[in-house]
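These protein sequences, in sequence, are chains A and B. Just so you know, we're using our numbering here: the first sequence kicks off at 10 and counts up by one. Just so you know, we're using our numbering here: the second sequence kicks off at 37 and counts up by one.
Since the hints were derived computationally from the structure, they do not count as laboratory data. Glycine included, C-beta positions come from ideal geometry on N, C-alpha and C. Possibly wrong hints are sitting among the right ones.
To be verified - Pulled a few chain B residues facing chain A out of the computed Cβ check, cut under 8 angstroms:
#1 ASP217
#2 ASP229
#3 ILE279
#4 THR386
#5 GLY449
#6 SER451
#7 GLY457
#8 VAL458
#9 SER473
Stated by the list, open to error - If you want the footprint, here are the derived chain A segments under chain B, 3+ residues with CB under 8 angstroms:
#10 149-160
#11 350-356
To be verified - Derived list of chain B stretches under chain A, where covered just means 3 residues or more per stretch with a C-beta under 8 angstroms from a C-beta of chain A:
#12 183-191
#13 326-332
#14 404-416
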Amino acid sequence: MSTAQLESALAQVVGREHVLAQRTRFDAPEAPLACPGSVEQVSELLKLATRDGLRVVPIGLGSKLGWCGAPERVDFLLSTRRLVGAVSHEPADGTIAVRAGETMAALGERVARGGHRLTPDVAHPSRCTVGGVVAAGQSGIDRLRFGPVRHHVLGVQAVLGDGTITRSGGRLVKNVTGFDLHRLYTGSHGTLCVLTEVALRLFPAPDRDAWVAAAPRDLAHGLDLARAARALPLRAVSITLTSIDPPTGGSAWALFARLFGKSAAIEAELAALRAAWRGAAVLEGDEARRHADELRDATSFDDGSHASLAIGCEPALLAGVLRDELELLDAATWPRRVAVQPLEARIDVGLSPHATPEQLREFTRRARAAAQRHGGSAHLRNAPLSALDGLDPFADEITGLELMRELKRMLDPGGVFARGRFAGGL
Amino acid sequence: MTPGVDASLLEGLRAITGDAGLISDPTRLLSYECDGLALLQQRPACVVLPRTTDECARAVALLHRAGVPIVGRGAGTGLSGGATPVAGGAIVGLARMRDIVALDVENRTARVQAGLVNVDLSFAAEQHGLFYAPDPSSQHACTIGGNIGENSGGPHCFKYGSTNRHVLGLVIVRHDGSVLDLSRAHLDPLGYDLVGLFVGSEGMFGIATEIVVQLMPIQPVVETVLAIFKDLDGACDSVSDVIAAGHEPVALEILDRLTIEAVEASVFAAGYPRDAEAVLLIECEGSEAEVAASLDEILAVVRRRGAIDVRRARNASERKKLWAGRKGAFGAMGRIAPDLYVADVVVPRTKLRELVLGSTRIAHEHGLKLSNVFHAGDGNLHPNISYDRRDPAEVKRVLAAGDEIMELVVKAGGSLTGEHGVGLEKQAAMTQVFDESSLRAMCSVRDAWDPERRMNPGKLIPVHACREMRGALRPKA
Numbered sequence: 010m011s012t013a014q015l016e017s018a019l020a021q022v023v024g025r026e027h028v029l030a031q032r033t034r035f036d037a038p039e040a041p042l043a044c045p046g047s048v049e050q051v052s053e054l055l056k057l058a059t060r061d062g063l064r065v066v067p068i069g070l071g072s073k074l075g076w077c078g079a080p081e082r083v084d085f086l087l088s089t090r091r092l093v094g095a096v097s098h099e100p101a102d103g104t105i106a107v108r109a110g111e112t113m114a115a116l117g118e119r120v121a122r123g124g125h126r127l128t129p130d131v132a133h134p135s136r137c138t139v140g141g142v143v144a145a146g147q148s149g150i151d152r153l154r155f156g157p158v159r160h161h162v163l164g165v166q167a168v169l170g171d172g173t174i175t176r177s178g179g180r181l182v183k184n185v186t187g188f189d190l191h192r193l194y195t196g197s198h199g200t201l202c203v204l205t206e207v208a209l210r211l212f213p214a215p216d217r218d219a220w221v222a223a224a225p226r227d228l229a230h231g232l233d234l235a236r237a238a239r240a241l242p243l244r245a246v247s248i249t250l251t252s253i254d255p256p257t258g259g260s261a262w263a264l265f266a267r268l269f270g271k272s273a274a275i276e277a278e279l280a281a282l283r284a285a286w287r288g289a290a291v292l293e294g295d296e297a298r299r300h301a302d303e304l305r306d307a308t309s310f311d312d313g314s315h316a317s318l319a320i321g322c323e324p325a326l327l328a329g330v331l332r333d334e335l336e337l338l339d340a341a342t343w344p345r346r347v348a349v350q351p352l353e354a355r356i357d358v359g360l361s362p363h364a365t366p367e368q369l370r371e372f373t374r375r376a377r378a379a380a381q382r383h384g385g386s387a388h389l390r391n392a393p394l395s396a397l398d399g400l401d402p403f404a405d406e407i408t409g410l411e412l413m414r415e416l417k418r419m420l421d422p423g424g425v426f427a428r429g430r431f432a433g434g435l
Numbered sequence: 037m038t039p040g041v042d043a044s045l046l047e048g049l050r051a052i053t054g055d056a057g058l059i060s061d062p063t064r065l066l067s068y069e070c071d072g073l074a075l076l077q078q079r080p081a082c083v084v085l086p087r088t089t090d091e092c093a094r095a096v097a098l099l100h101r102a103g104v105p106i107v108g109r110g111a112g113t114g115l116s117g118g119a120t121p122v123a124g125g126a127i128v129g130l131a132r133m134r135d136i137v138a139l140d141v142e143n144r145t146a147r148v149q150a151g152l153v154n155v156d157l158s159f160a161a162e163q164h165g166l167f168y169a170p171d172p173s174s175q176h177a178c179t180i181g182g183n184i185g186e187n188s189g190g191p192h193c194f195k196y197g198s199t200n201r202h203v204l205g206l207v208i209v210r211h212d213g214s215v216l217d218l219s220r221a222h223l224d225p226l227g228y229d230l231v232g233l234f235v236g237s238e239g240m241f242g243i244a245t246e247i248v249v250q251l252m253p254i255q256p257v258v259e260t261v262l263a264i265f266k267d268l269d270g271a272c273d274s275v276s277d278v279i280a281a282g283h284e285p286v287a288l289e290i291l292d293r294l295t296i297e298a299v300e301a302s303v304f305a306a307g308y309p310r311d312a313e314a315v316l317l318i319e320c321e322g323s324e325a326e327v328a329a330s331l332d333e334i335l336a337v338v339r340r341r342g343a344i345d346v347r348r349a350r351n352a353s354e355r356k357k358l359w360a361g362r363k364g365a366f367g368a369m370g371r372i373a374p375d376l377y378v379a380d381v382v383v384p385r386t387k388l389r390e391l392v393l394g395s396t397r398i399a400h401e402h403g404l405k406l407s408n409v410f411h412a413g414d415g416n417l418h419p420n421i422s423y424d425r426r427d428p429a430e431v432k433r434v435l436a437a438g439d440e441i442m443e444l445v446v447k448a449g450g451s452l453t454g455e456h457g458v459g460l461e462k463q464a465a466m467t468q469v470f471d472e473s474s475l476r477a478m479c480s481v482r483d484a485w486d487p488e489r490r491m492n493p494g495k496l497i498p499v500h501a502c503r504e505m506r507g508a509l510r511p512k513a
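Here chain A stands alone, though its shape is the one from the complex (with noise of 0.2 angstroms):
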């Protein structure tokens, strides 16, 4: 099928207006972009898909395509990101269930009209979907607090490859009818279906919001601080070691935590941290979000224009994995652009934008074998296609691999999720 059938095949679907021509980070050709406005259309389109052989990407609004890998091939992309509002929205239940297309901002917005405040609260919400963030595994900065995305995903819509709507879970906050699909769909980077609906958990609003800025002396008292705040009585939505907003002073290094819930609770988690934390700075209020939500972006690493690693591994062993990776950046000569999640055993490193893909290869092969000394992993963000020739972004070595490829036989028989882009070229 030429570009042009294909073009017109996917119009008759989804309206001429909405078939676009959009440059993708994969190579040429360039892959039309289909943008359904109903989930009877993503279904009509993949039918369309399995009838003529063809190989579909899903995206949001494509903020995570630099997470994987080159598809094998792909004909077009499908983008949710017309499926907009919600479904149901009890906020008495603390629930919501929402088009899978909703930007993360917007939802976060509709949510915060009923009183609750959404998790996962990830970097730049306004450019991604509900949907892509559920499908690329996307757990926010909140993560101490309240967990991993796939905790609050109570369920979903998914349209398997040969078009078929189907559904996980339901809209309620405990529920164990039948397999968890949506469990394996979190996080498969649209490799198995497409979701069109999400159903999510809602937390309360806090009444009071605060922000703690300490300046630890270096690394390991920085380390030792944040240790110190895991022991207190408090349960932090966020604590973040980094070097790239370090206080004047001297120090390389900036602690920060984010605090938030009952107004009483927090003034006296105020005054606990206070005292593990001597010297640290408070802002309350806008101030604080204002902080918070510019810490997040930046230390995502995550604007699509540069590579970074994302690494995770045995919280008893992060200050190891930290300090090889350390030296890792040292060696290179690149820039220290780190942030840590102590408490969780994250690290996020921004590789120098100037690095060649050569060299981004070899120092994600350096930092993968460090981290997995330490019972880790790392994941390569954002790097150029050309530096993953031969390396798989998400790790050298997947357990269970096997039953994964079945699993992916199983609910896509056509193939039509094009292979290739996830975790062993699933």
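Please build the complex by placing chain B on the supplied structure of chain A, with the hints as guidance.
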């Protein structure tokens, strides 16, 4: 005898597990005919009780080669018939796999064998200031492995979430005896989330033999309060209001009058007032300030909704007693009638009152005695019907009432099960919740794990063959 289970197979199994690890004597097999759903029973051909993952894997491989259906079983405390061997075959029991393999205080994790009794993990972790959050009412008997199969909950899961949120890794013996080691915990899954998918799969994807779980820090302050009501509506409305107001207590549990009477007449007597129509058990924990702030506001809500008294546990001993009444409630029901049918459904939390009333009405229409004890905070209702299984007509009415309650709940936006699984009992009702396409997707995923469909066959997915199996079951009467 199940085809494939012969003397030579039994000898092979005995060679793997030793005499202590194999049961084939028909009398001893009687205890494995059912789980907590005693209405439907089927005797297995044999029971294998491995001591290690390796023994389990070798036994499953042998059974696989012989084409024998396999049912994994923890302690058999489930209420949906999930551990009932409807197709005969072998039960692989985890009762001899009870070790805590490692307790990692710094990382706040534990690696345990699947047969470990739930509460034993919290007992072991307590000295380190930690605990394991999922706490089913049967936690003194049920196993962590069984909890994995059903994605079990418990009163404290209102705040901390069900089992799935606490499992970091698994070692799984697959249908053919191969071992899939997913026990290395990563911040996020590498590839598809097989662990998350496995939890709650009701033994149809394989048998978890070792489990890595996260532990939680014991909070400095715990407050437990009993709010006493003159009507059940007030208790239900209190819960809806507390949730709507954005409070986060650890647990919100309701017991109605009939349950209170049974508890107070039993060894679990907790000092609940016998003249109350309902009690609401509230627990808050956290920092002193956090608990004080929340509890004051919650108590204002319950008073507004008609609580005539609130009693605070003054110490750990009083708290334990209040909880003993709640957790012993199912056992105490034995005083009302010889048998108990425990329904397990979930409703939107804004519709608690309406659906509790509806369930009670259905039971009364069938001339049955229904009591309520439930995880109100999660909307997880347990309408309990007391009956006598020796009365076949009453058994029929119980099953009919159970079906009607499920239908009512699903129509109101609820779900078939909150923590005990679909199993055998709710298999046919799955079509009320999921259309054929969705069920087919579940079937496909099951086939990826177990292409021959021999792991816990005849459960969860309502295929025609499975309905026939249910029809062939021997109702106990």
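Hint-by-hint comparison with the structure:
Taking 8 angstroms as the C-beta cut-off, the interface hint given for ASP217 (chain B) holds, the closest approach to chain A being about 7 angstroms. Against a cut-off of 8 angstroms between C-beta atoms, the interface hint on ASP229 (chain B) holds, since the closest Cβ of chain A lies about 5 angstroms away. Taking 8 angstroms as the C-beta contact cut-off toward chain A, the hint placing ILE279 (chain B) at the interface holds, the least distance being around 6 angstroms. Interface hint status for THR386 (chain B): upheld, as the beta-carbon distance to the closest one in chain A is roughly 5 angstroms, under 8 angstroms.
Hint status for GLY449 (chain B) relative to chain A: holds, with the closest Cβ pair at about 7 angstroms, below 8 angstroms. Annotation: SER451 (chain B) was flagged as interfacial toward chain A, and the flag holds, the nearest CB pair being 5 angstroms apart, inside 8 angstroms. Below 8 angstroms, beta-carbon pairs count as interface contacts, and GLY457 (chain B) has one with chain A at about 6 angstroms; its hint therefore holds. With a cut of 8 angstroms, the hint placing VAL458 (chain B) at the interface with chain A holds, because the nearest CB-to-CB distance is about 6 angstroms.
Because the closest C-beta pair between SER473 (chain B) and chain A is about 5 angstroms apart, less than 8 angstroms, the hint holds. Counting residues of the stretch 149-160 of chain A whose CB lies closer than 8 angstroms to any CB of chain B gives 4, which reaches the minimum of 3, so the coverage claim holds. Requiring three or more residues with a Cβ within less than 8 angstroms of a Cβ of chain B, the coverage given for the stretch 350-356 of chain A holds, as 3 such residues are present. With 3 residues having a beta carbon nearer than 8 angstroms to a beta carbon of chain A, the stretch 183-191 of chain B meets the requirement of three or more and the stated coverage holds.
Look at the stretch 326-332 of chain B against chain A: 4 of its residues bring a Cβ nearer than 8 angstroms to a Cβ of that chain, three or more, so the hint holds. Given as covered by chain A, the stretch 404-416 of chain B passes the check, having 4 residues with a CB less than 8 angstroms from a CB of that chain where 3 are the minimum.
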